[in-house]
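Undergrad: Each chain is listed here by its residues.
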Amino acid sequence: MAGNRRVKEILRELAIVPETVLVICGDALVTADHIVRDDETIELRPVMSGGAGSMP
Amino acid sequence: MKCRKCGAPAALELRRHNAAFCEPDFLEFFRNQVREAIRKHRMFTKDEQVLVAVSGGKDSLALWDVLIDEGYRTTGLYLDLGIFDYSVESKARCEKFAAARSVPLIISAVAEEVGAPVPVIQSVTRRPPCSGCGLSKRYLMNRVALEHEIPVVATGHNLDDEAATLFGSVMHWQMDALPRQSPALPSTHPKLVRRVKPLYRLSELETAAFAFMRKIDYIVEECPFAAGATSIAHKEILSRMEAASPGAKHNFLFGFLDRARPAFEQAEGVALNECARCGQVTTGTICAFCKLSDQVKRRVS
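Respectively, the protein sequence lines represent chains A and B. Residue numbers are given in our numbering: position 21 of the first sequence equals residue 21, and the series is strictly consecutive. Residue numbers are given in our numbering: position 148 of the second sequence equals residue 148, and the series is strictly consecutive.
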C-alpha cells in the first residue's frame, strides 16, 4: 500500500474501525493523524477478544 | 495530535474522553481508572490476597501488572484449557510474566478436573465450546480461591466485555443475568468468594495500549474457538456504534450500572445449596460442573 498518507485514511481504505486496532510504527503507537511515509511500515494489531476460551 | 496533559506528541487518542495522551500520561490515566474502580466498589485492600485469573492475553496480564505495581498481594491463576497450541503458548506467556516479577502462579488443568480438555468437552457434549469452558472457569476459579484461602478473584474483563455481555443479556431479556452483571459481586455464601473486575472502566483499545506500552508479552492470537462466538458479533456491533458516537459503549454500560441495574435486582435472593457431590455452591442438588464432568467421563470412557 502506498505511503505518505495519514493513518486514518489508510484505516478508512481498509474499512477498519479505528478503535479496533493498535497502530504501531516502529516501537511506538501513533495516532490517526500520523503521516505514514513511503519508507515506513505500520502494524495494525487487533484488540478485540472474545468467547470464553480467551476470556480475560 | 498533542497530549491533553503535557502537550507532547500523543500516542493514543481516546475519542470517548475527547482527549489524547502521550505514553507516560496514558499510563497514569490507566492506573487512575483502576484505582477508581477498586475504590468505588471496595474491591479489595492491600491486606488481602487477590487471585488474579490470567489467560495470557492483554487484559488479564495488564491487570496483574497494575496490581503488582500498586502494591497488592497477588497470586495468578492460569487455567489450562487444553486448546492445542493456543493453550501451550498462553500458558508460557503467564509463566514468563510471573517468573519475571517473582510472583506466584497456580496452574490448574481443565482436563484433570473435568476429565477432558475443552475441545473434547465440546465434541462429547455438543455444547458450544464457550459454554463448557466458561462454566469450568467460573467453577475452578472459585474452588482454587477457596482451597488457597484467598477471599477474592479478579478478572480482566474490560468495558467492551461488559458492554457486550449486557447487550447480549438485553437482547434476550435474561432477567436472571442482569442483576448479576456488576464490577464487584459480593460473597453470598461461605463457599463463594468475591469476584471483581478492576478494568471495567477501560476499553479494549486502552488495555491493549497499556500492555503494549508496558512491553507485556501477551498472546495476540485469538482463541480458535472464539471465531463465530456471539460475544464477538456483539462487540463488532457496539464498535460500529462507538465509531459513530464516541462514548456509546460507556453510556450504555454505566447508565445500566448507575440507573437500571437496581431495578433488576431481585427482591429475594436465590437459595444457595452445597453440591451433594463436590460441596461447591449450586442452586440445585448437583452442581452444573459435576453434571458436565459426569457427562464427559461417561462419553470419553
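In case anyone wonders, no lab produced these hints; they're calculated from the structure. Wrong hints could be hidden among the right ones.
Facing chain B, from chain A, some residues (calculated, C-beta under 7 Å) [unchecked claim]: (1) Leu22; (2) Leu44; (3) Val47.
Derived lysine-lysine pairs resembling DSS-like cross-links, with alpha carbons at most 30 Å apart [claimed, not checked]: (4) B:Lys96 - B:Lys46; (5) B:Lys5 - A:Lys8; (6) B:Lys46 - A:Lys8.
Cβ coordinates follow ideal geometry from the N, Cα and C atoms, glycine included.
Undergrad: Compare the structure with each hint and give your call.
TA: Results for each hint:
no., hint, verdict
1, Leu22, "holds, 5 Å"
2, Leu44, "violated, 11 Å"
3, Val47, "holds, 4 Å"
4, B:Lys96 - B:Lys46, "holds, 25 Å"
5, B:Lys5 - A:Lys8, "holds, 23 Å"
6, B:Lys46 - A:Lys8, "violated, 43 Å"
The structure is inconsistent with the numbered hints 2 and 6, although it conforms to all the rest.
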